[in-house]
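Go by the hints and put chain B onto chain A.
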Amino acid sequence: MKQSDEAFIMEDQEAGLFRVNRRAFTDSQCLEQERRRIFDKCWIYVGHESEVPHAGDYRSRNVAGRPLILVRGDDSIVRVLLNTCTHRGAMVCRQKSGNAKTFQCPYHAWTFNSRGQLVGVPGEESYSDGFKRDDMELAAPARVDSYRGFIFACFDPAGQTLYDYLAGAREYIDLVADQSALGMKIVSGQQSYSARANWKLLVENSYDGYHGLPTHQRYFGFLGDIGIDFKNSTLTSPPRQKPVDLGNGHAVVEYQSAWGRPIAHWVPPFGEDRKAHFAEVRRQFEERFGPDRARRICETSRNLGIFPNLVINDIMAITVRTFYPVTPDYMEVNAWALAPMDESAEDSALRLDSFLTFLGPGGFATPDDVEMLESCQRGFANREVAWSDISRGMKLEHPSITDELQMRAFWRRWNHLMTEPQIRRARKAA
Amino acid sequence: MSTPQSPSRQEVEDLLYEEAALLDEWRLDDWLELLTENAVYEVPPTDVPEGDSRNTLFIIADDAVRIRSRVKQLLGKSAWAENPRSRTRRIISNVRVLGVEHENTLVTANFVVHRMRYESVDTYVGRYNYKLVRREGALKIRERRAVLDNEALRPHGKISFIL
Numbered sequence: 002m003k004q005s006d007e008a009f010i011m012e013d014q015e016a017g018l019f020r021v022n023r024r025a026f027t028d029s030q031c032l033e034q035e036r037r038r039i040f041d042k043c044w045i046y047v048g049h050e051s052e053v054p055h056a057g058d059y060r061s062r063n064v065a066g067r068p069l070i071l072v073r074g075d076d077s078i079v080r081v082l083l084n085t086c087t088h089r090g091a092m093v094c095r096q097k098s099g100n101a102k103t104f105q106c107p108y109h110a111w112t113f114n115s116r117g118q119l120v121g122v123p124g125e126e127s128y129s130d131g132f133k134r135d136d137m138e139l140a141a142p143a144r145v146d147s148y149r150g151f152i153f154a155c156f157d158p159a160g161q162t163l164y165d166y167l168a169g170a171r172e173y174i175d176l177v178a179d180q181s182a183l184g185m186k187i188v189s190g191q192q193s194y195s196a197r198a199n200w201k202l203l204v205e206n207s208y209d210g211y212h213g214l215p216t217h218q219r220y221f222g223f224l225g226d227i228g229i230d231f232k233n234s235t236l237t238s239p240p241r242q243k244p245v246d247l248g249n250g251h252a253v254v255e256y257q258s259a260w261g262r263p264i265a266h267w268v269p270p271f272g273e274d275r276k277a278h279f280a281e282v283r284r285q286f287e288e289r290f291g292p293d294r295a296r297r298i299c300e301t302s303r304n305l306g307i308f309p310n311l312v313i314n315d316i317m318a319i320t321v322r323t324f325y326p327v328t329p330d331y332m333e334v335n336a337w338a339l340a341p342m343d344e345s346a347e348d349s350a351l352r353l354d355s356f357l358t359f360l361g362p363g364g365f366a367t368p369d370d371v372e373m374l375e376s377c378q379r380g381f382a383n384r385e386v387a388w389s390d391i392s393r394g395m396k397l398e399h400p401s402i403t404d405e406l407q408m409r410a411f412w413r414r415w416n417h418l419m420t421e422p423q424i425r426r427a428r429k430a431a
Numbered sequence: 014m015s016t017p018q019s020p021s022r023q024e025v026e027d028l029l030y031e032e033a034a035l036l037d038e039w040r041l042d043d044w045l046e047l048l049t050e051n052a053v054y055e056v057p058p059t060d061v062p063e064g065d066s067r068n069t070l071f072i073i074a075d076d077a078v079r080i081r082s083r084v085k086q087l088l089g090k091s092a093w094a095e096n097p098r099s100r101t102r103r104i105i106s107n108v109r110v111l112g113v114e115h116e117n118t119l120v121t122a123n124f125v126v127h128r129m130r131y132e133s134v135d136t137y138v139g140r141y142n143y144k145l146v147r148r149e150g151a152l153k154i155r156e157r158r159a160v161l162d163n164e165a166l167r168p169h170g171k172i173s174f175i176l
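Just so you know, the sequences run in chain order A and B.
Be aware that the first sequence starts at 2, since it is given in my numbering, and climbs by one per residue.
Be aware that the second sequence starts at 14, since it is given in my numbering, and climbs by one per residue.
In isolation and in its complexed conformation, chain A is listed as follows:
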């Protein structure tokens, strides 16, 4: 296989080899290109509708490197606004969350309503006739749209609609969104952490079945200690478990898991007294969706990566996780728990308990993932080793979740977006 130093990706279908140049993880120019060619072009997750349930509710957050306001206007429409005063730049919203009729910039007291319209300018008579309030509304991303409660923004006015962009990922979002007829909600409490590693290492890690047993030995030991037999159930064979390329760089692994699932897969640690309740919930899903879909919703675990930086893992609980690179070797991560809107207090407590066994910066697994990502990043300082190998399962007819098909789906899309502008320019020149 020929490996050019210039290319990010080397793919040899015939030999079954796929390699990624480690420059993609370390190079600051590469990160600058990612900001322009990926984060400024793709649909990026902002938040969930349930986070702003009432008119005037808002949350300020950083998305794709920008301070944004997610706000439900007094007209009940959810908007995403760029948190910068159109006058001279100060952030008009300086609280993390709350409810407001207006956002008043503290610098010169320009006031915007919850729809982003400019409604107050002190001393407005000093402006010329050419100054129009309508021209000075809070700006918004070029496009904002939502799918099943998940709100995305795109800073590129052109390109696919969100619906088309999500492609095959919609089916897997549906398997999560369908877990309540009333809708899903983000649970209170945000896990705000980081990793001293490139953001794409977390993409790979979030649906990597190969690392499960070695990296998470201690988690599986814990499962064993609380009475869950994982040896026979975690690694069922294909096609009952499979990685799927969902198009547009999205991918998923779907499998039968050993751990219990709060929605409706009972395991002994959940308690004998809860068994009948789980069976009843399962029966209700069968009524709503039929046995096959009910089984998928209740029993299968699904690690879903939505290009470029959204993870929705429906495993021993549902985590929604997004991350963004500050530097090539450092990312910020935000994670939440997603739950049925109508879940009982008791079920909700069980769900959160299940979440923390594995997930988050204090769980029995996520810290070891962060450790491995940081370890990779430190290892990359050995520039003599220029390539990482992502070839696993490339020639298999039925790849399993311990193969690397899902990562190749990501990398091919990433590579396309990163190199397409040059290719287009070269074509034009020719």
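Simulated from the structure, these hints should not be mistaken for lab results.
Quantities reported herein were computed from a predicted structural model and do not represent experimental measurements.
Where hints are given, some of them may not hold.
[To be verified] Just some of the chain B residues that point at chain A, by a computed CB distance under 8 Å:
#, residue
1, Pro58
2, Gly64
3, Arg67
4, Leu70
5, Phe71
6, Ala74
7, Ala92
8, Arg148
9, Ala165
10, Gly170
11, Ile172
[Said to hold, decoys possible] With a cut-off of at most 16 Å between alpha-carbon atoms, the simulated EDC-like pairs for lysine to aspartate or glutamate come out as follows:
#, chain 1, residue 1, chain 2, residue 2
12, B, Lys85, A, Asp75
13, A, Lys97, B, Asp60
14, B, Lys153, B, Asp43
15, B, Lys144, B, Glu114
16, A, Lys429, A, Glu50
17, B, Lys153, B, Glu114
18, A, Lys102, A, Asp58
19, A, Lys396, A, Asp58
20, A, Lys97, B, Glu164
We put the beta carbon where it would ideally sit given N, CA and C, even for glycine.
Chain B in isolation, oriented as in the chain A frame:
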């Protein structure tokens, strides 16, 4: 019925300082001896510091089973986030005995915990809320909640040791 007398601040401080020393020295089995059999260890999320772990996503919400498992994992070989182990150094101060509630003594203290690993130093700053109870004459920890003042675990990334 007699009201249990609140322990003196000196007695509480002795317990907290001993705990800090055991945790810094990685004598985690000895640390377990300071806890009651139904102990709880919690770290709330940085955005809901006063939350309830039954309806809020915490960073850590261990019951006694999970505390014991956490210790077993940390003393084993495959808790990679702590293998090799961090060095930690805890500064505990501003210890206050707030009063007695049922049989529990409510205690609060400030903490600064430095975690050193791979030549990085990460600082965890916050307040402990303890519920202490007397068992066979000795003061034991029934509940310990580490409430972080840090707005995010950045750049810490994780709480892989016992905070």
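>> Of the numbered hints stated earlier in the document, which are not met by this structure?
In response: 8, 12, 16, 19
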